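> For reference, the chains in residue letters:
Protein chains: 2
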Amino acid sequence: MQAQLIALDWGTTSLRAYKLAEGGQVLEQRSLASGIMQLPKAPRIIGGRECTDGFELAFEEACGDWLDAQPQLPVIACGMVGSAQGWCEAAYRDTPANVATLGTSLQTVRSLRGVDVHIVPGVIERSRLPNVMRGEETQVLGVLQNLPGEASADLLIGLPGSHSKWVEVADGCIVHFDTFMTGEVFAVLSEHSILGRTQQRGGSFEGDAFDRGVQVALSADGETGPLSTLFSARSLGLTGELSACAQADYLSGLLIGHELSALANVQRRRRNSVHLPSIILIGNTQLCARYRRALDACGFTRVTLAEQATERGLWQLALAAGLVSSTASR
Amino acid sequence: MQAQLIALDWGTTSLRAYKLAEGGQVLEQRSLASGIMQLPKAPRIIGGRECTDGFELAFEEACGDWLDAQPQLPVIACGMVGSAQGWCEAAYRDTPANVATLGTSLQTVRSLRGVDVHIVPGVIERSRLPNVMRGEETQVLGVLQNLPGEASADLLIGLPGSHSKWVEVADGCIVHFDTFMTGEVFAVLSEHSILGRTQQRGGSFEGDAFDRGVQVALSADGETGPLSTLFSARSLGLTGELSACAQADYLSGLLIGHELSALANVQRRRRNSVHLPSIILIGNTQLCARYRRALDACGFTRVTLAEQATERGLWQLALAAGLVSSTASR
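Listed in order, the protein sequences are those of chains Y and X.
Take 1 as the starting number for the first sequence in the working numbering and just add one per residue.
Take 1001 as the starting number for the second sequence in the working numbering and just add one per residue.
Simulated from the structure, these hints should not be mistaken for laboratory data.
It should be emphasised that the depicted structure is a prediction, and the values quoted were computed from it without experimental measurement.
Simulated restraints on C-beta separations:
| id | chain 1 | residue 1 | chain 2 | residue 2 | range |
| --- | --- | --- | --- | --- | --- |
| 1 | Y | 148 | X | 1301 | 49 to 57 angstroms |
| 2 | X | 1032 | Y | 219 | 39 to 47 angstroms |
| 3 | X | 1094 | Y | 154 | 44 to 52 angstroms |
| 4 | X | 1153 | Y | 201 | 41 to 49 angstroms |
| 5 | X | 1272 | Y | 219 | 13 to 21 angstroms |
| 6 | X | 1145 | Y | 296 | 46 to 54 angstroms |
| 7 | X | 1301 | Y | 273 | 35 to 43 angstroms |
| 8 | Y | 325 | X | 1205 | 54 to 62 angstroms |
Residues from chain Y that keep clear of chain X, each with C-beta distances beyond 12 angstroms, as calculated:
| id | residue |
| --- | --- |
| 9 | 16 |
| 10 | 68 |
| 11 | 98 |
| 12 | 111 |
| 13 | 288 |
| 14 | 302 |
| 15 | 303 |
| 16 | 304 |
| 17 | 319 |
With the Cβ distance kept under 7 angstroms, some of the chain Y side facing chain X (calculated, not the full set):
| id | residue |
| --- | --- |
| 18 | 193 |
| 19 | 221 |
| 20 | 235 |
All C-beta atoms in this analysis are idealised placements derived from N, C-alpha and C, irrespective of residue type, glycine included.
Produce the entire structure from the sequences given, and follow the hints as far as they go.
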């Protein structure tokens, strides 16, 4: 089957490359650590000249051989590659942002090998506390493509990660979203705070400890907020009530529990209803499993997982941009 | 004036030494970086033998010359020096803990030079989420000594720091306290997270940015909690609404605001009253000034600062232990 598109999901710490055939079918995929904050440095010859530009180097690494074989393949990319610190800035689109038409606003950068890379713009919500995303808008599109239109009214799309996003959609538009820095806070506390000193990591997932953390966040004790309950990851260790190998998952549950507890409160207020929306989760499988577990404890009873949202979204955007042709008529 | 006591406030990252005369008057004081997590390593001769023990080395550094001059001076110490990772563990006293009588439970360790160091026990509250303190109990005593007994009913003693403590007292006893890891969370986020990358630090205090952070925490936007509002320290920068040199103080205000907002809610619930207690703050002057500013914004209208709480508390404990004699009759 002939490749029709190279699709790149190029974030802060990773770069995933997909070679897609008609209908967006994945022929091959690769995962590299060449996110925009950790680009390769070793010079190489590109287009006959020595090159030291990190973006060019990462691009060659990710799909140079695919382009050698098929130089006319179009290339599309989403994520932090379009940020001010990226390869070429693709200005944010404002909410309400119609994700299906983002493909008509791609920003182009010409690579040294002469191939154009089409970069998807991020989305900004200019509220009192502004919110921004880059990459998630593409995943949201990938999910919406497979949903009946009316399903989105009672839906919240969750994208767990270093900075998790919770996205509300209406009529194919991103109308509102919240960001929680839960993943990054967990990482810096585990690596650099006193809480990490007594954590023994690397064992299997301690589900009971995780659930306990979630329950603490939801309990009356949780009303002091995460800045306070965090300390229990240490003090329960001091009193022998939490073993060293359970502390990391307890902390994970505690932070995710605080995130989802706050999210549930805000959702009830925004919807003026005690009922919570359906959830579709997109992201890393293990992380989504944690969120699913905690969502259930927080009263979100309808939770499903989306697969291949990124590659599907990128394919749709390439279609909208005319980089590939539709197979709908076949 | 003759010295009567050496008093040490020996924490995780610092060691403060006081030479006290009768009535607890401070004759001399020193501040060293030799907290229990960063003890000196260079060997020295102590008591005729080469010594490499970090606690002995720090002790010599802090007050060896004072003891050379007056070998019979008693020594008392509070703080993390009495923890399991300290010089000698002084078991916690349970709440309700009468702070005036902690002096009768000192733990003794004999130093190489033959001088006994008397270590003050910490306090533990064995609630569902246990809470512990070491050092703060001594400061609370130092404050209570100067207060009329009935004042403590409507009082909350605040000890801002890496792990701030909020202490409720009744009849001279610590009956309840909360811990917030606000200071440490601020430090690790500023040093190790994406928020630090755009912070330009080292300038003067940006009071407006700090106040803005406090207000965000108190606003409807703050209902998503600190894990979410944190991201605004970045997104307001991206939209040009918060300058690089204002971001650290904004983040500081945001975190302290979330701490105090949660504290106010919990206090109202515990006291079953809309009225908030009086506050006495103990600690670093600049940090207390930040807390005072934020407390005012959060509705705590009666706030005072305590001076010399540590040295006064240590003197009182030494009196209770019979290490020094009272001057009350003079």
